[in-house]
Amino acid sequence: MRILLVGGSKSGKSMLAQRLTKSLHEDAPMYYFAAMEPVDDEDRERIKKHVADREGWGFLTVERARSVDEVTLDQDGAVLFDSVTALLANEMFGDEKAPDPKRRTLSELNKLSLSVKHFVCVADELFRDGSEYGGLTEEYRRGLAFVLNSLAEEFDTVCEVVCGVPKVLKGELPPIGETV
Amino acid sequence: MDLVIGGAYQGKLTCVKKKYGFKKDEVFDLANGFPDREYKCYTHLEALTRDETDPHELIRLLMPYIKNSVVISREIGCGIVPMDPDERVMRERHGIALSLLAKEAEHVTRVFCGIEERLK
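Top line first, the protein sequences correspond to chains A and B. Under this note's numbering, read the first sequence as residues 1 to 180, first letter to last. Under this note's numbering, read the second sequence as residues 1001 to 1120, first letter to last.
Worth double-checking, as some hints may not be accurate.
[Stated by the list, open to error] Now the in silico label distances, taken between C-beta atoms and shown as ranges:
1. K1120/B / I176/A: 26 to 34 Å
2. L1061/B / T61/A: 52 to 60 Å
3. R46/A / L1061/B: 48 to 56 Å
4. G135/A / D1086/B: 19 to 27 Å
5. A1102/B / D74/A: 43 to 51 Å
6. D1036/B / E153/A: 31 to 39 Å
[Unchecked claim] Keeping only pairs whose Cα atoms sit at most 27 Å apart, straight-line, the calculated DSS-like set for lysine-lysine is:
7. K1103/B / K167/A
8. K22/A / K167/A
9. K167/A / K1040/B
10. K22/A / K49/A
11. K1103/B / K1040/B
12. K49/A / K10/A
13. K170/A / K1017/B
14. K1024/B / K1067/B
15. K170/A / K1018/B
16. K1040/B / K1067/B
17. K167/A / K1120/B
18. K97/A / K111/A
19. K1040/B / K1024/B
20. K1040/B / K1017/B
21. K1103/B / K1017/B
22. K10/A / K170/A
23. K1067/B / K1120/B
24. K1103/B / K1018/B
25. K1019/B / K1040/B
26. K22/A / K117/A
27. K1120/B / K170/A
28. K102/A / K10/A
29. K102/A / K117/A
30. K1120/B / K1103/B
31. K1017/B / K102/A
32. K1019/B / K167/A
33. K167/A / K1018/B
34. K102/A / K170/A
35. K102/A / K1018/B
36. K111/A / K22/A
37. K1067/B / K1019/B
38. K167/A / K10/A
39. K170/A / K1019/B
No lab work stands behind these hints, which were simulated from the structure alone. For every residue, glycine included, the Cβ atom is placed at its ideal position computed from N, Cα and C.
Only chain A is shown next, with the shape it has when bound in the complex (with noise of 0.2 Å):
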């Protein structure tokens, strides 16, 4: 099944999709999926803090910034994709621009989800805090609203997470596993 969670930050999106992806997966294998492409010692140190906290999940780690189609999984595998909202950043503005990377966002995504048994995506909810941003930026909130909205209609399951806890929009969630 694919899953959608969208939440603020540090709404414990993450945690919440380690859990769920962690009940789905059976035994075949469980990927962690990082999109985000360090820029400074702050990412890094976010980088660490997640990985310390998937210590003993058992995730097989995949990094990859950008056309994350190209990644051949388990077919049978479970995936824990961190985060849309990283992956349109990088396709938007990093070293090799996609021509319309919202549209390129959406189409990796939807290759990469179906690829595998179990998707558990998540992505930062940035709309309402009424300020208008003008330029680029207003660009890749229009360009992660057009990929989310798109996702949500294909998706199975779609929440929104506050404080760790999902609110269910669209379909149904399997049993939240314990944490490890």
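Please build the complex by placing chain B on the supplied structure of chain A, with the hints as guidance.
Chain B alone, transformed into the frame defined by chain A:
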């Protein structure tokens, strides 16, 4: 009156058009100012709360036009309270206007990632 709210670019108008079957000329964009007549649907209420009208007065003036319609508005209250005092006052006006509308509305719906969530 039905009120439909949600963050930027969440697909509010798309949802409303699909649900109510409104055509393009039945929707009035409040970014163009105050309505000249009654429409079935109004978008971008946040464009009107940008003006320095008292929100109670604004809703009172709007009510004859919107009482049998669907009003769509962006949610703007989350995130950092802005440094700019005008922006702060605007959010306050908008918050009051939305609360007044929600009180009068028969249904209040929030759109998140293109999915409707019934609040009232």
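Okay, the hints, checked on the actual structure:
1. K1120/B / I176/A: 26 to 34 Å: For K1120/B and I176/A the Cβ distance comes to about 29 Å; the hint holds.
2. L1061/B / T61/A: 52 to 60 Å: Holds - the Cβ-Cβ distance for L1061/B and T61/A, about 58 Å, lies within 52 to 60 Å.
3. R46/A / L1061/B: 48 to 56 Å: holds (49 Å)
4. G135/A / D1086/B: 19 to 27 Å: holds (21 Å)
5. A1102/B / D74/A: 43 to 51 Å: Once the Cβ atoms are compared, 49 Å apart, the range 43 to 51 Å for D74/A and A1102/B holds.
6. D1036/B / E153/A: 31 to 39 Å: holds (35 Å)
7. K1103/B / K167/A: OK: K1103/B and K167/A at ~24 Å, within 27 Å.
8. K22/A / K167/A: holds (19 Å)
9. K167/A / K1040/B: Not satisfied, since the Cα-Cα distance of roughly 32 Å exceeds 27 Å.
10. K22/A / K49/A: Given pair K22/A, K49/A holds - Cα atoms ~19 Å apart, limit 27 Å.
11. K1103/B / K1040/B: holds (19 Å)
12. K49/A / K10/A: Roughly 12 Å separates the two Cα atoms, so the pair holds.
13. K170/A / K1017/B: holds (20 Å)
14. K1024/B / K1067/B: holds (20 Å)
15. K170/A / K1018/B: Satisfied, since the Cα-Cα distance of roughly 18 Å is no more than 27 Å.
16. K1040/B / K1067/B: holds (10 Å)
17. K167/A / K1120/B: holds (17 Å)
18. K97/A / K111/A: Given pair K97/A, K111/A holds - Cα atoms ~20 Å apart, limit 27 Å.
19. K1040/B / K1024/B: holds (10 Å)
20. K1040/B / K1017/B: holds (11 Å)
21. K1103/B / K1017/B: holds (23 Å)
22. K10/A / K170/A: holds (22 Å)
23. K1067/B / K1120/B: Holds. K1067/B to K1120/B sits at ~17 Å (cutoff 27 Å).
24. K1103/B / K1018/B: With a Cα-Cα distance of about 25 Å, the restraint between K1103/B and K1018/B holds, given a limit of 27 Å.
25. K1019/B / K1040/B: With Cα atoms ~13 Å apart, K1019/B and K1040/B stay inside 27 Å; holds.
26. K22/A / K117/A: Satisfied, since the Cα-Cα distance of roughly 13 Å is no more than 27 Å.
27. K1120/B / K170/A: holds (18 Å)
28. K102/A / K10/A: holds (24 Å)
29. K102/A / K117/A: Cα-Cα ~24 Å, so holds.
30. K1120/B / K1103/B: Satisfied, since the Cα-Cα distance of roughly 9 Å is no more than 27 Å.
31. K1017/B / K102/A: holds (24 Å)
32. K1019/B / K167/A: holds (23 Å)
33. K167/A / K1018/B: holds (24 Å)
34. K102/A / K170/A: holds (23 Å)
35. K102/A / K1018/B: Holds: K102/A and K1018/B sit about 24 Å apart, inside 27 Å.
36. K111/A / K22/A: holds (22 Å)
37. K1067/B / K1019/B: Distance ~18 Å between K1067/B and K1019/B Cα, so the pair holds.
38. K167/A / K10/A: holds (16 Å)
39. K170/A / K1019/B: Roughly 17 Å separates the two Cα atoms, so the pair holds.
Taken one by one, the earlier hints fail for this structure only at number 9.
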